[in-house]
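Chemist: Spelled out from the first residue to the last, the chains are:
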Amino acid sequence: MSQRDVILTLQKVSKSFSGLTVLDHLSFEVRAGERVALIGPNGAGKTTVFNVISGAYLADEGAIVLDGQDIVSKPPRARARMGLARSFQNIRLMPHLSVVENVMIGQHSRARGLADLLTPLWLTRNRHWRQEAEERLRSFGLDTYPHVVTSNLPYGVRKKIEVVRALMSHPKVLLLDEPAAGLDPRETHDLQEFLLGVAAQGVTLLVIEHDMSLVRGLCEHTIVLNFGRKIFDGPTSAVHEDPQVLEAYLGPQDAEPARRLAVGGG
Amino acid sequence: MSGYFGGVIVILSLNVILAYAIFLPVASGQLNLGGAAFQAVGAYTAGFLSTSYDLAVGPSLALSVLAGGLVALFFSFIILRTRSVYLVLATFAFSEFVSGVIVNIDALGGSVGLSVSTHISGTVVLVAAVIAAAIVLLFMQTRLGLATRAIHDDDLVSELMGIGVRWTRVIAFTLGGLLAGLAGGLYAFYFNFVDIQSFDAASSIYLLLFVLLGGTQTFWGPLVGAAFFTIVPELLRSAISAAPALAHALGVTGELDSSWRFIILGALTVAMMIVRPEGAITRIGLSRLQAALFPSRLRKRPA
Numbered sequence: 001m002s003q004r005d006v007i008l009t010l011q012k013v014s015k016s017f018s019g020l021t022v023l024d025h026l027s028f029e030v031r032a033g034e035r036v037a038l039i040g041p042n043g044a045g046k047t048t049v050f051n052v053i054s055g056a057y058l059a060d061e062g063a064i065v066l067d068g069q070d071i072v073s074k075p076p077r078a079r080a081r082m083g084l085a086r087s088f089q090n091i092r093l094m095p096h097l098s099v100v101e102n103v104m105i106g107q108h109s110r111a112r113g114l115a116d117l118l119t120p121l122w123l124t125r126n127r128h129w130r131q132e133a134e135e136r137l138r139s140f141g142l143d144t145y146p147h148v149v150t151s152n153l154p155y156g157v158r159k160k161i162e163v164v165r166a167l168m169s170h171p172k173v174l175l176l177d178e179p180a181a182g183l184d185p186r187e188t189h190d191l192q193e194f195l196l197g198v199a200a201q202g203v204t205l206l207v208i209e210h211d212m213s214l215v216r217g218l219c220e221h222t223i224v225l226n227f228g229r230k231i232f233d234g235p236t237s238a239v240h241e242d243p244q245v246l247e248a249y250l251g252p253q254d255a256e257p258a259r260r261l262a263v264g265g266g
Numbered sequence: 267m268s269g270y271f272g273g274v275i276v277i278l279s280l281n282v283i284l285a286y287a288i289f290l291p292v293a294s295g296q297l298n299l300g301g302a303a304f305q306a307v308g309a310y311t312a313g314f315l316s317t318s319y320d321l322a323v324g325p326s327l328a329l330s331v332l333a334g335g336l337v338a339l340f341f342s343f344i345i346l347r348t349r350s351v352y353l354v355l356a357t358f359a360f361s362e363f364v365s366g367v368i369v370n371i372d373a374l375g376g377s378v379g380l381s382v383s384t385h386i387s388g389t390v391v392l393v394a395a396v397i398a399a400a401i402v403l404l405f406m407q408t409r410l411g412l413a414t415r416a417i418h419d420d421d422l423v424s425e426l427m428g429i430g431v432r433w434t435r436v437i438a439f440t441l442g443g444l445l446a447g448l449a450g451g452l453y454a455f456y457f458n459f460v461d462i463q464s465f466d467a468a469s470s471i472y473l474l475l476f477v478l479l480g481g482t483q484t485f486w487g488p489l490v491g492a493a494f495f496t497i498v499p500e501l502l503r504s505a506i507s508a509a510p511a512l513a514h515a516l517g518v519t520g521e522l523d524s525s526w527r528f529i530i531l532g533a534l535t536v537a538m539m540i541v542r543p544e545g546a547i548t549r550i551g552l553s554r555l556q557a558a559l560f561p562s563r564l565r566k567r568p569a
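Taken in order, these protein sequences are the chains called Y and W.
First residue of the first sequence: 1, per my numbering; consecutive thereafter.
First residue of the second sequence: 267, per my numbering; consecutive thereafter.
Hints were generated in silico from the structure; no laboratory data involved.
Note that this is a predicted model, so its numbers are computed, not measured.
Where a beta carbon is used, it is the ideal one built from N, C-alpha and C, also for glycine.
Do not take every clue at face value.
[What the hints assert, rightly or not] Pair ranges (Cβ atoms, derived):
1) Y:Ser151 to W:Leu355: 28 to 36 Å
2) W:Pro325 to Y:Ser73: 44 to 52 Å
3) W:Arg349 to Y:Ala238: 21 to 29 Å
4) W:Leu559 to Y:Ala200: 36 to 44 Å
5) Y:Phe17 to W:Gly324: 56 to 64 Å
6) W:Pro543 to Y:Ser73: 40 to 48 Å
7) Y:Val65 to W:Leu559: 52 to 60 Å
8) W:Gly532 to Y:Thr119: 37 to 45 Å
9) W:Thr348 to Y:Ala200: 40 to 48 Å
10) W:Leu336 to Y:Phe17: 37 to 45 Å
11) W:Ala373 to Y:Ala115: 37 to 45 Å
12) W:Leu534 to Y:His128: 44 to 52 Å
13) Y:Ser151 to W:Val351: 23 to 31 Å
Model the full assembly from the supplied sequences, consistent with the hints where possible.
Modeler: Given below as structure tokens:
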């Protein structure tokens with residue numbers, strides 16, 4: 001597969017909740033190996049995009065194509081097995097599972113057959129699962145408390161564990177929902193380096209993020225949503241000069257001074 | 267195994283098997299208030315086969331396990347989309363349905379019950395309980411066991427991680443049914459008599475309490491819960507008979523009878539619910555214990 005093949009396509013995807021249209025014939029493409037930001041004002045439908053891609057919600061209409069296959073009506077677990085992984089806006093680690101166990105849940109979509117499911121994990125044939133989880137945690141500096149239940153850990157640590165868990169399925173496409181929310185600038189910078197490393201291994205990233213420094217540092221391409229419609233799709237460097245984007249974020253009357261401010265402020 | 271002590275061990279063994287029968291569905295997030303009905307299915311299967319067809323103990327027990335499992339498998343599909351309190355009510359209604367059906371089948375003795383002539387020793391029950399517990403312990407250490415616990419915490423995220431949530435729930439519920447069937451079969455052969463009153467709603471409530479008060483998060487919870495509810499009433503029995511003077515001092519007049527131990531047991535149960543709402547044994551409690559006993563396990567390992 002060449003670097004520029006399209007790996008994920010949304011074609012005219014719509015979703016509404018009891019009459020309220022959240023996604024309105026949304027179409028976009030993500031190319032393999034690309035790092036794409038999905039931004040937009042609150043309520044623009046960003047998380048709903050992730051929910052219809054991952055299968056947490058079924059799209060009302062439209063097609064979602066992952067690596068050449070239409071997945072729009074497939075159950076979430078089938079999409080996970082096809083190479084889709086995600087994190088969540090509000091951390092959703094399993095509170096009663098230890099750090100290592102949470103990360104091992106991320107491996108589940110790679111388990112094959114009854115032998116993988118029904119043999120004790122401490123058997124020699126299964127030890128590689130735990131070893132891999134522990135090595136991954138170690139490589140991200142998260143191995144301090146591998147056996148502690150996650151509800152006892154600080155926010156920033158849990159946020160990172162969630163990203164590690166999502167990576168354990170060896171995804172082709174990784175959806176990250178506000179990975180930097182609640183992190184301090186240093187932690188955000190570390191996260192950026194970490195995610196650039198992930199992308200360098202060939203994982204396609206689609207990232208919802210409000211922290212524009214992370215968006216600029218991580219994503220080469222940006223898609224902007226407003227009221228469930230795409231209003232911008234292009235290089236990240238051009239986002240803050242786009243009049244429609246400025247209007248969506250700041251309202252029409254403030255667009256001109258805000259543009260100068262944005263350009264002036266870098 | 268015989269005598270008073272042996273009798274307590276047998277009751278404890280049966281209760282441990284039943285506690286695990288309820289634990290498996292509960293561990294996957296399905297509260298089951300119909301445990302006694304699945305036990306009844308096993309007990310009547312064993313009783314009927316051995317009395318009407320002279321089937322030996324071994325095959326009868328195997329078929330009672332199978333019967334409990336099949337009924338649970340069938341029922342788990344019905345309740346697949348039911349959640350929380352509605353699930354509890356559905357399992358309760360199902361157990362009433364099973365009792366109703368059994369009472370109305372003449373071949374099963376109706377409301378009179380069934381006498382079972384073949385007897386097994388308490389040792390058989392104890393060994394069966396150890397095997398059942400070992401199977402549950404092993405199951406919880408498999409990837410499917412891990413998935414079961416993940417579903418209990420967050421079923422949507424589990425599904426998004428690639429876990430077949432429905433199948434895992436069906437398997438957990440069915441495994442529970444197999445164990446309840448086993449407990450029923452053992453009950454029939456040990457007590458040599460099966461009647462539907464032995465498997466009433468109160469028994470189902472106790473079985474669920476074993477698990478909820480023992481702790482739903484680990485293998486050890488149901489064991490502790492079953493032991494507590496089996497051994498404490500016996501301890502109270504001897505404590506009450508040994509201390510009539512104390513009871514008198516507390517203002518209890520008249521004959522001290524066994525009903526007092528259930529009042530104290532009830533008070534202890536409520537106290538447990540207040541002090542340990544997540545059950546006696548929790549994951550966090552176990553990690554704290556582990557940290558205290560083996561501090562080296564939690565320290566950062568050298569790279």
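Chemist: Indicate, hint by hint, whether the structure satisfies it.
Modeler: Here is what the structure says about each hint:
For the pair serine 151 of chain Y and leucine 355 of chain W, the beta carbons lie near 29 Å from each other, so the given range of 28 to 36 Å is met. Against the hinted window of 44 to 52 Å, the Cβ-Cβ separation of proline 325 of chain W and serine 73 of chain Y comes to about 47 Å, which satisfies the hint. The supplied range of 21 to 29 Å is broken by arginine 349 of chain W and alanine 238 of chain Y, whose beta-carbon atoms lie about 48 Å from each other. Range check, leucine 559 of chain W to alanine 200 of chain Y: Cβ separation about 43 Å, and the 36 to 44 Å hint holds.
Between phenylalanine 17 of chain Y and glycine 324 of chain W, the C-beta spacing of about 58 Å keeps the proposed range 56 to 64 Å intact. Judged by the Cβ atoms, the range 40 to 48 Å given for proline 543 of chain W and serine 73 of chain Y holds: they are separated by roughly 42 Å. Between valine 65 of chain Y and leucine 559 of chain W the Cβ separation comes to about 53 Å, which falls inside the hinted range of 52 to 60 Å. The hinted range of 37 to 45 Å is satisfied by glycine 532 of chain W and threonine 119 of chain Y, whose Cβ atoms lie roughly 43 Å apart.
Evaluation of the 40 to 48 Å hint for threonine 348 of chain W and alanine 200 of chain Y yields a pass: the beta carbon distance comes to about 47 Å. Checked against the hint of 37 to 45 Å, the pair leucine 336 of chain W and phenylalanine 17 of chain Y passes, with Cβ atoms roughly 41 Å apart. For the pair alanine 373 of chain W and alanine 115 of chain Y, the beta carbons lie near 42 Å from each other, so the given range of 37 to 45 Å is met. Separation of leucine 534 of chain W from histidine 128 of chain Y is about 46 Å and conforms to the stated range, judged on CB atoms against 44 to 52 Å.
Taken as a hint, the range 23 to 31 Å holds for the pair serine 151 of chain Y and valine 351 of chain W, whose Cβ atoms sit roughly 24 Å apart.
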